[in-house]
Amino acid sequence: MTISRGAVYWGKKLLLFLLSVLLLSVAVFCVSRWAPGDPLVSYYGDRVEKMSPEERAWAEDQLGLNDPLPVQYVRWLTGALQGDFGISYKYKMDVVEVIGSRIGNTLILGGIGFLLIFTLALLLGILCAWREDGLLDRILCKVGTVTSCIPEFWLSLVLILIFAVWLRWLPSSGAYSIGKSGDLSDRAVHLILPLTVVVINHLWYYAYMIRNRILEEVRADYVLLARAKGLGKGSVLFRHCLRNAIPSYLSIMAISLPHVLGGTYIVETVFSYPGIGTLSYESARYQDYNLLMLLCLLTGVVVILCNMAAQAINERIDPRMRSGETGEVTRR
Amino acid sequence: MGALLEVKNLSVRFDARAGEVQAVRGVSFSLAAGEVLAVVGESGCGKSVLCKAIMKLLPPTARITSGSILVNGADITAYRERDMRRLRGKLFSMVFQDPMTSLNPTMTIGAQIGEAVRLHHPRLSRGELRSRVEELMTLVGIDRPRERMDLYPCHFSGGMRQRAVMAIALAGEPSILFADEPTTALDVTIQSQILDLLREVQQKLGTATVFVTHDLGVVARVADRVAVMYAGKIVETGTAEEIFYDPRHPYTWGLLQSLPALSRGRDTLRAIPGMPPSLENPPRGDAFACRNPYALAIDYEEEPPMFRLSDTHYAATWLLDPRAPEVIPPIGGGLHG
Amino acid sequence: MDNEILLDVQHLTHFFPITKKIAVKAVDDLSFQLRRGEIFGLVGESGSGKSTVARCVMNLYRPQAGRILYKGIDTCDRRAFRKNRRMLQTTRQLIFQDSASSLNQRMRVCDIIAEPMRIQHITPPRGTHRAEAAFQMHYVGLDPSFLDRYPPELSGGQRQRVAIARALAMEPELLVADEPIASLDVSIQAQIVNLFKHLQQEHGFSFLFIAHDLAMVEFLCDRVGVMYHGRLLEVAPTEELFQHPLHPYTKSLLSAIPIPDPVRERARKLIPYEEEPGAPRGTLREVSPDHFVAE
Chain A
678 MTISRGAVYW GKKLLLFLLS VLLLSVAVFC VSRWAPGDPL VSYYGDRVEK
728 MSPEERAWAE DQLGLNDPLP VQYVRWLTGA LQGDFGISYK YKMDVVEVIG
778 SRIGNTLILG GIGFLLIFTL ALLLGILCAW REDGLLDRIL CKVGTVTSCI
828 PEFWLSLVLI LIFAVWLRWL PSSGAYSIGK SGDLSDRAVH LILPLTVVVI
878 NHLWYYAYMI RNRILEEVRA DYVLLARAKG LGKGSVLFRH CLRNAIPSYL
928 SIMAISLPHV LGGTYIVETV FSYPGIGTLS YESARYQDYN LLMLLCLLTG
978 VVVILCNMAA QAINERIDPR MRSGETGEVT RR
Chain B
7 MGALLEVKNL SVRFDARAGE VQAVRGVSFS LAAGEVLAVV GESGCGKSVL
57 CKAIMKLLPP TARITSGSIL VNGADITAYR ERDMRRLRGK LFSMVFQDPM
107 TSLNPTMTIG AQIGEAVRLH HPRLSRGELR SRVEELMTLV GIDRPRERMD
157 LYPCHFSGGM RQRAVMAIAL AGEPSILFAD EPTTALDVTI QSQILDLLRE
207 VQQKLGTATV FVTHDLGVVA RVADRVAVMY AGKIVETGTA EEIFYDPRHP
257 YTWGLLQSLP ALSRGRDTLR AIPGMPPSLE NPPRGDAFAC RNPYALAIDY
307 EEEPPMFRLS DTHYAATWLL DPRAPEVIPP IGGGLHG
Chain C
659 MDNEILLDVQ HLTHFFPITK KIAVKAVDDL SFQLRRGEIF GLVGESGSGK
709 STVARCVMNL YRPQAGRILY KGIDTCDRRA FRKNRRMLQT TRQLIFQDSA
759 SSLNQRMRVC DIIAEPMRIQ HITPPRGTHR AEAAFQMHYV GLDPSFLDRY
809 PPELSGGQRQ RVAIARALAM EPELLVADEP IASLDVSIQA QIVNLFKHLQ
859 QEHGFSFLFI AHDLAMVEFL CDRVGVMYHG RLLEVAPTEE LFQHPLHPYT
909 KSLLSAIPIP DPVRERARKL IPYEEEPGAP RGTLREVSPD HFVAE
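Protein chains in written order, with our numbering: chain A, 678 to 1009; chain B, 7 to 343; chain C, 659 to 953.
Accuracy of the hints is not assured; some may be wrong.
[Unchecked claim] Straight-line alpha carbon distances no greater than 25 Å define the calculated DMTMM-like cross-link-like pairs of lysine to aspartate or glutamate that follow:
#1 LYS14(B) / GLU153(B)
#2 LYS855(C) / ASP273(B)
#3 LYS729(C) / ASP801(C)
#4 LYS58(B) / GLU774(A)
#5 LYS910(A) / ASP273(B)
#6 LYS729(C) / ASP806(C)
#7 LYS62(B) / GLU809(A)
#8 LYS58(B) / ASP21(B)
#9 LYS210(B) / ASP252(B)
#10 LYS683(C) / ASP732(C)
#11 LYS910(A) / GLU179(B)
#12 LYS910(A) / ASP81(B)
#13 LYS96(B) / ASP898(A)
#14 LYS62(B) / GLU992(A)
#15 LYS741(C) / ASP666(C)
#16 LYS927(C) / ASP21(B)
#17 LYS210(B) / ASP273(B)
#18 LYS927(C) / ASP202(B)
#19 LYS62(B) / ASP761(A)
#20 LYS58(B) / GLU732(A)
These aren't lab readings, by the way, just hints derived from the structure by calculation.
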């Protein structure tokens, strides 16, 4: 039986994906073990300082930290393949559960942030391209350059200072007020500041990109032909230029999803927002090995998937890439 | 019969970093319905700027500084973008040099032609639209149109693409077609076919055509009249016969002489020496003087006026002044002479 | 002109693979010879494989089959190429069609012209690299004031002259010109063609001149080969080919040349050429002295 071409294609992709994930797990595993720090601190807290050497050795043995690295890795891998990623030293819970309780918050912040950036950048880009070199375009370009250069943590602190400390309009940290985890409006209020930081930081970069992509298209010859046949500026922009610019924008956005995600990690930490970002930070700081492993793998999988999506979009963009043949050779 | 298009003393300037470029300097011509006018000149002489200025397709750095454009007697010089949009495609349309880049690579040929059709007949049904597209594709000589309208430009050869561009340009049944070097990027055989197609379309639909090219050799087939442009000005204009058999301007002589077909049996081609002048600071007097072996002293001082040779034939050279010395044209009479 | 054969292309074949199974035959069993001091024109429509031949001759592509002998050295043979690398790289030079993209935009004209000398560690005969560049520019008719300019500041004709000056700086014996005039104005084309003719007559350069413009080919070349779909259909001395074309495709090509004469041009009829599908692949046969045609 012959295997279809599509199956081979996707088979290759899947293999590559699994290989990348495996390599990533090895790398994260080694780096986390080699990093200085005491994993016992996260498990036993301050009591570690009062432990006798025998007690320490016993505790380390309990956690399997005395075996050579390869053995530890293989043990982790066998567990992971069976769905057991170990327990978090700090929370004394299955890491999957720990992450499960936090991931929703990150998805809300990152997802809303990403969608906002995506649509606002598109709109701003189109607006600037439409009025190229106009007052609005120039102002937005200048303001955007400045805002995208402000570091996220600093901007977060400034916003907290203004809106939470001085004006007291908005909460400075957390995802919801204590006891109000089900209250949507309360959650929304808590989201305002972190979202603002995420959006302000990334928005301009992508808006500028779409602006330039559209302008590149506007300069193309076919635009002249489209105008010569009587199309108005709007139709040319939306029907021709945008149509050609959007696929590449989509692929860029797919690649940049992890970038935005990375931004939310920092923002989460500053706002003590109980999401994956804060969790990653804590787990790295306290040598919470199992938690760190799964978090890194999860992030890695998202990055790899995004890149694959971008590649797939790129292959779809062009009718020239879509068809297998060289095209019709016509002679008359 | 009145002129369909009349351009009077048109000047176009570009803002450049170093200053102002006077791309078109006081050009006047007229075009009758159903006529083919060839505008010939070297690159940078302003021939394509002239066409784009008439259709108002120039970039924002360009502006018309003087002159007027009359279409059917109506002055459109001051028309704004909105008014121009109504004229484009219907009154005049344009075909560009490079068929590789003048089609949108991500839209099917049929969609691109259909878009142009829909602009002029917004109420057509899908089926009617398709049959109109098919009709246009047949008109420009694309066979098997039904299958090919769903293909993308990358599936078409250069000649086919240029035919598709023609179909787009003709969708609104324009009275005037500007063809800006439509054959320059094509092979000789394809070039010949496109020239025949232009002629055929012009005869079938009665579309007046302004054919812009740098190659005087290709216009003999299609042109009724020829205008030779140099440094932003028309230096000689006449019927095709007058230009090829009785050219009067030294620049026209130069263009004809540099054609290899007229240098057969010679050791070297008689090329025009030097380069066209920069149009940022056009030289005083006749811009062609420094490349002109027949230049007179007055050429460096004063611009020659248009001398009338016949009702259709005009040339701007001091050699036609009664006081000028007699010069025997080095060329003329076509291949017979 | 002596009859020494400078370049001997034998059964050259080159494919471009599209997928593992499908390939486009760009050049298909092509043979021709170029004599020392002659200008050999290779004509054909776009996609006929002319440029691929030029690139194979210059060792830019490695042909799948066939041999290219330059001065008796098989340039496709890796060992022979390595042994004669310096000679091969200095005595053969290539000029591209589009000098706007084939010259580095960010290099000054004098550096562009002197670069091959620097790469090959050739001591400039006129003292400095700059003086050598100035000399070559003077030779191709460019003002020395362009020495410190950049390619985008020059016109198409001037850029093409820079490309020629760069090639001449190596004092080559074979110049391969791939559509060197196609992107230029007719009046400038004439200047460049005159320059080529001068180079051949005064200095005995040999040219492989690739073009689709038959009118210029007729004027410039000594012998012409007509290519179609990767094959040579007819090879003959220029006058013979233009007076007595034998292959129907050659006739079709010749019928497409515009005539600068309104009366005759309007009467000119284009002879169409359709290759019969499944027609036998002809081999070149000599029908009269030096006139070969595929049958």
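So, going through the hints one by one against the coordinates:
Taken as a hint, the LYS14(B) and GLU153(B) pair is broken in the structure, with Cα atoms around 46 Å apart against an allowance of 25 Å. Among the hinted pairs, LYS855(C) with ASP273(B) is consistent with the structure: their alpha-carbon atoms are about 8 Å apart, no more than 25 Å. For the hint linking LYS729(C) to ASP801(C), the alpha-carbon distance of about 35 Å lies beyond 25 Å, and the restraint is violated. Straight-line distance between C-alpha atoms of LYS58(B) and GLU774(A) comes to about 68 Å, which puts the hinted pair past the 25 Å bound.
In summary, the hint linking LYS910(A) to ASP273(B) is not supported, as the alpha carbons are separated by about 54 Å, beyond the 25 Å threshold. Annotation: proposed proximity of LYS729(C) to ASP806(C) is violated, straight-line Cα distance about 37 Å (limit 25 Å). Between LYS62(B) and GLU809(A) the alpha-carbon distance is near 19 Å, which keeps this suggested pair within the 25 Å criterion. This hinted pair checks out: LYS58(B) and ASP21(B) have alpha carbons roughly 16 Å apart, not beyond 25 Å.
Proposed proximity of LYS210(B) and ASP252(B) is contradicted: the alpha carbons are some 30 Å apart, above 25 Å. Under the criterion of a C-alpha separation no larger than 25 Å, the hint pairing LYS683(C) with ASP732(C) is consistent with the structure, at around 22 Å. A threshold of 25 Å between alpha carbons decides the hint, and for LYS910(A) with GLU179(B) the separation of about 21 Å falls inside it, so the pair holds. Taken as a hint, the LYS910(A) and ASP81(B) pair is honoured in the structure, with Cα atoms around 23 Å apart against an allowance of 25 Å.
A C-alpha spacing of about 20 Å is found between LYS96(B) and ASP898(A), which places the hinted pair at or below 25 Å, so the restraint holds. Straight-line distance between C-alpha atoms of LYS62(B) and GLU992(A) comes to about 38 Å, which puts the hinted pair past the 25 Å bound. A hinted pair counts as satisfied when its Cα atoms are at most 25 Å apart, and LYS741(C) with ASP666(C) qualifies at roughly 19 Å. The suggested pairing of LYS927(C) with ASP21(B) is violated, with an alpha-carbon distance near 46 Å, which exceeds 25 Å.
For the suggested pair LYS210(B) and ASP273(B), the alpha carbons sit about 44 Å apart, so the restraint of at most 25 Å is broken. For the given pair, LYS927(C) sits about 10 Å from ASP202(B) by alpha-carbon distance, which is consistent with the 25 Å threshold. Between LYS62(B) and ASP761(A) the alpha-carbon distance is near 70 Å, which puts this suggested pair outside the 25 Å criterion. Distance check on the hinted pair: LYS58(B) and GLU732(A) sit about 88 Å apart at the alpha-carbon level, beyond 25 Å; violated.
Checked against the numbered hints above, the structure breaks hints 1, 3, 4, 5, 6, 9, 14, 16, 17, 19 and 20 and satisfies the rest.
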